[in-house]
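Chemist: Protein chains in written order, with this note's numbering: chain Z, 61 to 332; chain D, 91 to 356; chain W, 163 to 514.
Note that these hints are calculated values from the structure, not bench results. Here the structure is a predicted model, which is why all the values come from computation and not from measurement. Ideal Cβ positions, reconstructed from N, Cα and C, are used throughout, including at glycine. Misleading hints may appear alongside valid ones.
Listed next, the stretches of chain Z that the computed footprint assigns to chain D, with coverage defined by at least 3 CB atoms under 8 Å from CB atoms of chain D [what the hints assert, rightly or not]:
1. 163-169
2. 298-304
3. 307-317
In silico contact screen, one side only, chain W against chain D (beta carbon under 8 Å); selected entries [claimed, not checked]:
4. Ala215
5. Leu217
6. Thr219
7. Val237
8. Met244
9. Phe246
10. Ala250
11. Leu252
12. Ser256
13. Phe263
14. Met267
15. Ala273
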Amino acid sequence: MRLALLLPGLAFLAVGFVLPLLWLLRISLAPQTGDGLEAQTYAAVLGDPFYWRLAGNTLLLGAIVAVIAVLLAVPVGLFLARTTSRWRGVLVSLAIAPLLTSTVVRTYGWMVILSDRGLVNVTLRAAGLIARPLPLANNLTGSVIAMVEILMPYAILSVLSGLGRLQPAHEEAAALHGANRLRVFTRVILPLALPGILTALLLVFVLAISSFITPRLMGGGRVFVFGTEIYNEATVTLNWPLAATLAMLLLAAFAIVITLYGRLAAHLSNAP
Amino acid sequence: MTSLPRAAWRILIAGIYLFLLAPLLVVLVMSFDTKPYLAFPPAGVSLASYAAVLANADFAQAAGASVLVGAVVALLALGVGVPASLVLTRPGWRGHAATSGLFLSPLLVPHIVLAVGILLVLAPIGLLDSYSGLILAHVAITIPYVIRTVSLSLGGIDRACEEAARVHGASAFTTFARVTLPLAAPGLIAGGAIAFLVSFDEAVIALFIANSHVNTLPLAIFRYIEFRTDPQIAALSVLLILGSVLVMLAIERVLGLRRVLERPAK
Amino acid sequence: MTDPYVAARDLVKRYGTLPPAVDHASFTLERGEMLALLGPSGCGKTTILRMIAGLVTPTSGSIRVAGQDVSALPVHRRNMGMVFQSYALLPHLSVADNVGFGLAMRGIPRAERRRRVQAALDLVKLGDKGGRRITQLSGGQQQRAAIARSLVIEPSLLLLDEPLSNLDATLRDELRGEIRDLQRRTGTTAIFVTHDQSEALAAADRIAVMSAGRIEQIGAPTDIFERPATRFVAGFIGGGTFLDGVAHEGIAEIPGIGPIRMTAVPPDGAVTLLLRPHRVEFVAPGAMPANVADGIVESVVYTGERVSTQVRVGEHRVTVNGFARGQQKLPGDAARLGWGEDDVVVIPRPTA
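Excised from the complex, chain Z in its bound form (with noise of 0.2 Å):
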């Protein structure tokens, strides 16, 4: 009875998830010729510093990304977590709901605040304070900015789920007991908040070394990522073996990061 239900969920899994992942593996294992199983590609993307300028581009910008989202995560996350206003509910909606709209509405949002033309570009040539406009889109600084805005809500969420557990007698406490604000701050938040801060890391991280979208509308053909190069191997060039190799990569590259993270939650978990 059990398996009968389950069945339908396993099979649409079976079909659109698993095995895509396993003939993903497969066709990266192809040769370029002929049938059978070759590692050849691998060993043509990992011995070429094409690809791990590549991957050193995706990591760097997925770090930036990463930090710069949750630099301005935590004040939202802290005041999410402590505010008693009784708009709480509609500002926690507000904080998230972004991610429910489509990613491409979002960049081209963007291109048309950043643009030379656009939104931030005519208020400072207007206020006088430039005289020909800022190189903010189509370039690596306007991918930056787009992708942090656009992946700032999960690191909302990650550090708001942190913040679950801190309570107004946590801080109550600690000022009677003597511990000025910044005392409380960083003996009390910050030790509660962090893994939460850790998770939003991680999560904003993986989620921008993936990214396709973003790059490719807003880096205006200068911004090289994983994302984009497997965009233009399976669509453009057609080299399905090279695709599914970069693919596997960046599967691989996911897994290790988030089995990093799993020691490290635990190793903080356990400590005082």
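Based on these hints, arrange chains D and W on the given structure of chain Z.
Modeler: Structure of chains D and W alone, referenced to chain Z:
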């Protein structure tokens, strides 16, 4: 609390919120613009872009396809996720943890990786550039969300209600239909709504497998703005956002957005 | 000799390798009787109830109701009613629809359903609440609706799983009385589970006292209280002071107190006597009770109407409960305790 005075703190938070919502707000403003190119501030206010969008056959077809695909995905995800949740909310059998993990695992794989995999699977069987392939992929990625929301609802049901129904004469199936389903309704509605929304907004997988035949709203917008950026697309985007917001409000009403979107902490 | 209406024989429930939750429990019930399954949490009483309902499958043993072996029947065909601790009413149905649920399942036509539901609601004093939603009822009212739901189908057996535990104290007494009243009036055979001894003593025709999966004693409330079969039953119901000693030729000798005079005849050898707290008194000047013991007061607990005093007599601590009358004793005071020959209970030795 840091040593910043309250006002400065509030301004900081407001500023971050503004940053967070900026693109959506800007798109909204742009959609009323009359200039045919990407510039700010808008020259005038008019609904011309909306008229143009609604009259555009391609966009209409894309919108229709997105809604249809979303609806099918939602129904399939529910049809598959509800029975699975029934099993997964009763622990104590061998393989429970593993099966649970399997059903939630699509959340751990980046869409772009899955997109390539789907591409490779569909190509040899001729389903590339087909709506069936898209629906298949979308169901796979939305199953975890449905299972989460439905399980949440199911977990909140007092087991005694189901037992009372059984003792007083309801068969197992009647209990499911007359007691379990109505009590779990919020989770089902939220799950279906989320599945619809994820599919409706999804662009990555669609980009990989679509060619000349498949067209969805996010896809249409993406292709358009790769080369052009006139306000017409802003109007289209606003319609997309509007659709999302309506569904979101329904979810919030019924279950609460936050519980639905939290990713499992690994 | 006709078969009893309900007969449970040698019920066993084992989960994996753990000690059995129910360990060879047997009991019978006559038609129209109310049996209480009484014991501390984890003793297996709820498991037995759920086995009778069919919600739990017995590992072994049989259950017969009205001459029929019910273990072959699925839950929904046993024609029983059940009242739960959490009321278990369906929030998306009205009160009347909840009460009529069992009738609807049996295919009773709507007109007759409505009539019988209204009669049941009147019986539990919710006559005007049929159209309300469950959330509009108080806890006590919800439980009454749940009782109506079970009674309206005229079940062969009514099962109640700690029906009063979710209610506050005053409501508990009131509803307990109502349940007993309803059960008697409708002639419904019932089994109810509770951990509260006063509930069991007040409401049941017979009580089965359970501990660790076994039934220690079954009997009428007076039997259970006056003639406990084991030390556990004596301690769980009524409590008191246990005195261990040795008996020889009818005389029991308790170290620190001396020979005890009593009407009951203790068997030779090691013996345990029970002194119920309300049967021991402080000896008034001039009185000459059959048994006397001197000691020092250790603690006094005053609860308005009553006073509970602990008195140390040698190595024993005797509990004395009485009404608060006159001067209270204080800790440290000397006290003389006295009790009559009829006030001592002999606890039977455990059979191997």
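Chemist: All hints, please: hold or fail.
Modeler: Hint by hint, here is what the structure shows:
1. 163-169: holds (count 7)
2. 298-304: holds (count 3)
3. 307-317: Coverage by chain D holds here, the residue count being 5 at a Cβ distance below 8 Å.
4. Ala215: holds (5 Å)
5. Leu217: Holds, about 6 Å.
6. Thr219: violated (14 Å)
7. Val237: holds (4 Å)
8. Met244: Hint on methionine 244/W: holds, closest Cβ of chain D at ~4 Å, below 8 Å.
9. Phe246: At about 4 Å, which falls below the 8 Å cut-off, the nearest Cβ of chain D leaves the hint on phenylalanine 246/W intact, so it holds.
10. Ala250: holds (4 Å)
11. Leu252: holds (6 Å)
12. Ser256: violated (13 Å)
13. Phe263: For phenylalanine 263/W, the interface hint holds, since the closest Cβ of chain D sits about 6 Å away, which is under 8 Å.
14. Met267: holds (3 Å)
15. Ala273: At 19 Å from the nearest chain D Cβ, alanine 273/W fails the 8 Å test, so the hint is violated.
Violation of the numbered hints given earlier is confined to hints 6, 12, 15; the remaining hints are satisfied by the structure.
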